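> Residue strings, one per chain:
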Amino acid sequence: MKLVGTKRQIWLQRRSRNTGRLMLWHANVTRHREKDGRIKRKPAFARSKTSVYKVPAHLLAERYEDRSKILSILWSALNVLDSSKDKVRFDFSQVRRCYPGGMLMLLAFLELLVGSFPRRVSARCPPGSMSGQLLNHFGLGAKLGVSSTSCVPKHESVVNWHYVTGTKLDGAKISELLRKYKQLTEADPPEGLYDVLGEALTNVHHHAYPESCDMPDAMRRWWMFSRYDKPEDNTPGSLYIAVYDIGEGIQNTMRAKLEAGEMVLDLGVGLTEFVGGSWKVLDRRLLEKAVDHDRSSTGLANRGKGLPEMRDFIKSTESGRLHIISGHSQYTSNVQGNTQVTSWPEKILGTLILWSIPLYKEGVKA
Amino acid sequence: MTEKTIVIAIDFSPSPIGRYRTDSETSGEAFRVDHLAPALRMYDKVTVILDGTDGYGSSFLEEAFGGLIRKEGFTESQLKNKLTIISNRISYKFRAWNYIADEQRRQPRGGYNFALA
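Going line by line, the protein sequences match chains A and B. Taking my numbering, I'd label the letters of the first sequence as residues 1204 to 1569. Taking my numbering, I'd label the letters of the second sequence as residues 56 to 172.
Fair warning: there could be bad hints in the mix.
[Said to hold, decoys possible] Here are the computed distance ranges between Cβ atoms for each label pair: (1) B:Ser146 - A:Gln1539: 29 to 39 angstroms; (2) B:Ile141 - A:Gln1297: 47 to 57 angstroms; (3) B:Asp157 - A:Val1484: 26 to 36 angstroms; (4) B:Ile61 - A:Asp1515: 23 to 33 angstroms; (5) A:Thr1438 - B:Glu80: 39 to 49 angstroms.
[Stated by the list, open to error] A few chain B residues that face chain A, going by a derived Cβ cut-off under 7 angstroms, partial list only: (6) Thr60; (7) Ala64; (8) Ile72; (9) Thr81; (10) Tyr111; (11) Gly112; (12) Ser113; (13) Ser114.
Just so you know, these hints were derived from the structure itself, not from any lab. Note that this is a predicted model, so its numbers are computed, not measured. Where a beta carbon is used, it is the ideal one built from N, C-alpha and C, also for glycine.
Please work from the sequences and hints to get the whole structure.
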């Protein structure tokens, strides 16, 4: 540490006092001039202000309580940006734990906001914080005004996160993600992982952004995230993979070709919504059919194999788990074949698919 | 008797993905149209080696092999005589033949044959 002499200390104190006085004087002069009408101040409605959104402590997408908190701030921020000239700032100071699904959902949304509303979205991250490191690690920190020097991505649990994004279907991108995983461990990637990730991206390409949707090409995007937790002698590690798109959602694409029973349900949902109620049974039923019964949005018998393949992949691991979140509903499946389909009031934008796969010292136990 | 061996990882792509050519240039349709179907028409025996790639999603396999019946007009029995699929992962081989059998079942009157005409 550099030693500062007594004389210099006194000089520094005097300078800071004077600077403070100068700033105070300047503020007072400006205020008086505004009062006298010598400086024209913009009317209140024309001045842009900054709305601050506190990012929740747990960035977790699998649990509805946590997911709804993330969605709530994102929808509010989008609403502010879209309806006014105000700026928004995301405050990450309360964030304690980041999980792949929640982080991916947040990052994807932030990337879109930054692209759509340049210079109006920023983030505040405490120096050295995990969230700041992650934002810089994924190349979003600079766009959000996060310091690259105080939040250098170096923490082990940050550098083990990997992220790829794109608008085209490209097997090389999946290979790149798996190669990064291989650099961290000697264990091979779980058998069939490339297949299910490829299917997830193929589904995005086929269904998420139909020709009829008026989204620009640059926004017809998918994001893929992976996090690797190293296995120890006694405790298994894990590989988390998340794929996200902001497209139509599985159920919306299936609504184009409803079967007879589903049409009746659709009518019921329409009536319930008309009287102000909320009945998500069709949303839930369609998601369940898409995963468990090979029901495709095209209605063709040779299609709709991707989601069942993802479910079967999880069953082949020792204690893996699959979450598919789309629209108002969430499908959860584990190795025992237990599946749970739930529906919730808050709707997710697009589709989020999450795999958590246990890893042991010698790799994945099949 | 003429024979042809196609090693997908070398002759086509190490990262095959997608169903249609509009998805990707390394899709199941691209493989079937550019490599597999012409080879089946030209040679008496065709061997496809699936090993060496990153993997295969069901869309790729279904379009490449199921599409031989649906789009190219082969029948399952012809393919059983002409086509050999080799893979260290039994599930790929099993699924490829399953997609062929499924598609054959879906054909009216068990399928038609104009591929070799």
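> Hint by hint, where does the structure go against what was stated? Just the numbers, ascending.
1, 6 and 7
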